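K.L.:
The chain contents come next:
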Amino acid sequence: MLRFLIRRLLLLILVLFGVLILVFTVGRMIPGDPARVMLGERATEDMVQNMREKLGLNEPLVIQFGIYFSNILKGDMGTSITQFQPVVDIIKEHFLATFELAFMSVLWSVIIGIPIGVLAAKKKDSFFDYASMSIALFGVSMPVFWIGLILIIIFSVNLHWLPASGREIGIFEAVFLFLQTWDFSILWKGFSYIVMPSLALGSMFAALIARMTRSSMLEVLNENYIETAFAKGIKEKKVINKHAKRNAMIPVVTVIGMQIGSLMGGAVLTETVFAWPGLGRELVDAIFSRDYPLFQGIILFAAMFFAVSNLAVDIIYGFLDPRIKYQ
Amino acid sequence: MKKVLLLVFVALVFAGLCFSEGVNKDGILRIAVEKDARSLDPVVVGDNASFQMYTQIFDSLVSVTKDLEIVPSLANFRTEDSKTWYFTIKDDIKFHNGDLLTVDDVIYTFEAVMDPETNSPNYENLKVIEKIEKVDDKTIKFTLQYPFSAFLERVYTQPIVNKKLREKDPIAYGLNPVGTGPFMIEKWEKNNQLVLARNESYWMKYPNLKKVIMKPIPEPSVALVNLESGDVDLLTKVLPDDFNRIEKNKNLVLDVKPALNYYYLAFNVENDPVNDIKIRKAIYYGVDMNAIVETVVGQAGVRAKSSLSPSSWAYNPETEKYALNYNPSEATKLLREAGYSNGFDITIYTPQDTYRRKVAELMQIQLQAIKIKANVESLEWASYLPLIDAGKASIYMMGWNWLTDPDGLIYDIHHSQTSAWENDASSYNGTRFYNQEVDEALEEARKSSNIAERTKLYQKVQEIWFSQYVHIPLFHQVATVAFNQRVHGFAANAIEYTFLCTPDTNVWVEAE
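Residue numbers (the numbering used here), protein chains in the order written: chain A, 243 to 569; chain B, 53 to 564.
What the hints contain is simulated information worked out from the structure, not anything from laboratory work.
Everything numeric in this text was worked out from a predicted model, so none of it was measured.
Glycine residues also receive a C-beta, built at the ideal position from the N, C-alpha and C atoms.
Any given hint could be a false lead.
Here are a few chain A residues that sit away from chain B, every Cβ distance over 12 Å (derived from the structure) [claimed, not checked]:
{"#": "1", "residue": "I263"}
{"#": "2", "residue": "V268"}
{"#": "3", "residue": "K316"}
{"#": "4", "residue": "F326"}
{"#": "5", "residue": "V399"}
{"#": "6", "residue": "H402"}
{"#": "7", "residue": "N464"}
{"#": "8", "residue": "R488"}
Derived list of chain B stretches under chain A, where covered just means 3 residues or more per stretch with a C-beta under 8 Å from a C-beta of chain A [stated by the list, open to error]:
{"#": "9", "stretch": "193 to 204"}
{"#": "10", "stretch": "223 to 231"}
{"#": "11", "stretch": "270 to 278"}
{"#": "12", "stretch": "429 to 440"}
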């Protein structure tokens with residue numbers, strides 16, 4: 243187990259290095275000039291040159307990369323060109339909002355997706371199966387943007403139940419405060435802001451999980467050992483919960499692990515629709531304004547998060563299926 | 053008679069008292085803005101989004117009324133020749149932290165902007181300043197490089213910062229600014245909300261709003277939904293498609309005013325084939341500009357026929373004869389004369405805003421009829437501006453707005469600024485059209501303070517420019533704001549600024 247972990251961590255560093263090179267070079271290949279964007283339309287050439295000099299953009303690319311890389315090793319991701327703040331501070335400021343969004347979306351999709359998938363598999367070819375899978379197909383195909391607007395129109399404009407956008411208080415903070423004060427209004431406040439964006443973001447994912455769970459369950463239910471279990475006279479409920487579900491979950495957990503990472507990226511659109519102050523919006527703004535240090539930093543951070551969540555999934559496999567051993 | 057007058061006076065005072073009692077002084081105004089500020093330090097940022105936010109926290113030496121008249125703010129001003137300007141700061145003006153505003157703060161602010169190391173975007177606006185001197189404890193003397201009649205509006209764009217605090221840590225100052233303005237910062241969560249609280253001891257007047265919350269909402273449709281649901285009270289920008297929807301809603305008010313801006317299509321007259329005036333005219337004849345503007349901007353603008361709008365004192369009505377109407381046969385004839393009877397391929401570059409992109413796409417369709425195959429490329433600013441600087445865009449679209457004096461528009465986009473494009477550098481005039489008479493008229497007009505004389509010069513510039521078809525004027529957009537009817541004292545204005553508590557505004561909100 244320890245050797246497995248060490249090997250995976252070394253591999254992770256290699257992957258991150260690759261990501262770094264890729265982001266750095268691709269970023270510089272996009273035409274455009276951060277100095278120009280920052281100084282605005284009224285800037286003169288002297289000012290632009292002066293700024294480029296100050297930002298070190300006139301050095302050869304290799305040297306720029308060398309400087310950037312050695313700073314990264316020292317834990318310094320640089321300073322944002324457009325916001326004048328250290329990149330680390332900006333990531334710290336916005337990460338929690340995006341993480342909350344991704345976390346809640348996964349939570350929704352697990353709560354909604356897995357039971358529906360299991361039930362659909364159990365009642366294969368029934369009305370429930372067809373209905374739920376059709377809705378799931380709908381969920382997979384609908385753009386987040388559209389679902390978001392529909393939710394806002396129903397719950398904010400017509401029913402006035404939920405705030406249309408923004409984030410007054412984070413859900414984790416709300417839960418924490420609630421546990422201290424037992425004041426339900428705080429909990430509701432935190433929940434009211436995140437429920438629509440997380441549902442919009444999670445809907446596609448919930449549909450995906452429902453479909454995955456169903457097909458995986460069906461496969462497992464056809465295995466010999468399940469037949470044996472039934473033959474032994476074990477009740478259906480027990481067979482499904484104890485024998486089938488656990489094994490069927492392996493591919494589902496893989497998808498969940500992959501999705502947590504990609505939700506961080508998928509959050510970009512959701513964050514725009516719901517004016518959610520997360521990393522996704524920062525990333526888009528940074529790319530548009532060619533804020534190299536900022537977008538490099540955010541992408542590197544997201545890659546790291548993605549890799550770590552995949553590692554966690556690999557470890558969870560072992561708990562789900564004792565046959566999987568780490569070497 | 054005296055008694056009657058006295059009675060009237062008493063009645064008026066009483067009415068005034070009654071009226072002022074109706075003003076709620078505990079209101080919170082929530083404003084949806086398109087983008088968040090990059091920083092709140094007026095020395096290092098000057099983009100519109102940041103400006104709308106930090107002008108609530110800071111004051112400038114002068115201020116602007118709703119009718120765009122420049123009036124004294126932190127200081128009284130005087131000048132005799134428009135070259136030397138004296139500003140005397142008013143007594144007992146305090147920063148939010150209690151520091152007294154001094155001449156040193158003013159000098160420091162301007163010097164910080166003028167310092168090349170700062171890389172301030174406002175440098176270009178103020179580089180006309182040659183020297184700043186302290187005359188006495190209250191007075192500052194600005195000496196300009198030449199007499200400049202529009203100097204005050206440049207002064208307006210530069211709010212005054214607190215020297216002591218900004219010097220100590222400029223980055224922290226940008227996150228937690230301390231100004232002299234009507235509101236002070238309470239909390240700033242980037243991309244989420246900027247919460248401003250009333251400056252209880254504001255020197256100019258007592259602000260009616262207790263709090264102002266500015267929420268960046270990038271998606272216009274979502275911003276509108278927020279207004280409808282009551283989550284925000286005010287939108288500073290409304291899309292024309294939404295006009296009807298807002299007008300039908302009895303809780304909302306839509307306010308529209310002509311604005312000082314100019315959207316245009318420009319030709320780079322050094323590039324083939326648009327270096328030929330016949331080709332430029334053929335393209336103009338080949339598109340139905342009335343229909344395009346009507347389709348794209350609708351009620352949100354009017355077709356432009358010159359760079360200045362008809363409401364400006366310097367507008368030249370004679371240029372209207374150069375505004376061409378759709379005439380494909382004339383276009384074909386001109387193309388034939390220019391040796392392009394089989395048409396040609398060309399790219400129209402536009403920024404990524406909806407209006408200009410739509411205009412380009414409609415032009416693309418109409419130009420097919422005269423065998424011009426136009427390709428539309430819509431780029432984000434970071435790629436777009438360098439392309440124009442380098443002279444690579446033969447046809448591109450741009451927009452420009454100005455404040456109170458036409459100089460801010462007409463000089464910037466019509467002066468050749470040849471020195472800039474010799475080394476492919478940035479200039480506001482990317483057309484590379486050079487005409488000595490135009491340049492001289494612009495320089496002369498800037499130095500004069502005689503309106504009649506300036507008008508004549510500006511009209512000459514427009515005459516030369518538009519007779520050469522260097523631009524195809526597209527439209528002047530209107531300023532639109534929408535707000536909840538609980539909001540009082542707010543209105544759209546020609547420069548599209550968010551005036552909340554200025555010399556002649558003091559917005560308030562009814563209690564919910």
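K.L.:
Taking the hints in turn, state whether each one holds.
P.N.:
How the hints compare with the structure:
1. I263: A/I263 clear of chain B: closest Cβ-Cβ about 22 Å, beyond 12 Å.
2. V268: Answer for A/V268: holds, closest chain B Cβ roughly 15 Å.
3. K316: Since the minimum Cβ distance to chain B is about 20 Å, A/K316 lies beyond 12 Å and the statement holds.
4. F326: 5 Å, violated
5. V399: 5 Å, violated
6. H402: 6 Å, violated
7. N464: 47 Å, holds
8. R488: It holds; A/R488 is separated from chain B by about 42 Å at its closest Cβ, greater than 12 Å.
9. 193 to 204: violated (count 0)
10. 223 to 231: That given contact holds, which follows from 3 residues of the stretch 223 to 231 of chain B lying within Cβ reach (below 8 Å) of chain A.
11. 270 to 278: holds (count 6)
12. 429 to 440: As far as the stretch 429 to 440 of chain B goes, the hint holds, because 7 residues have Cβ atoms under 8 Å from chain A.
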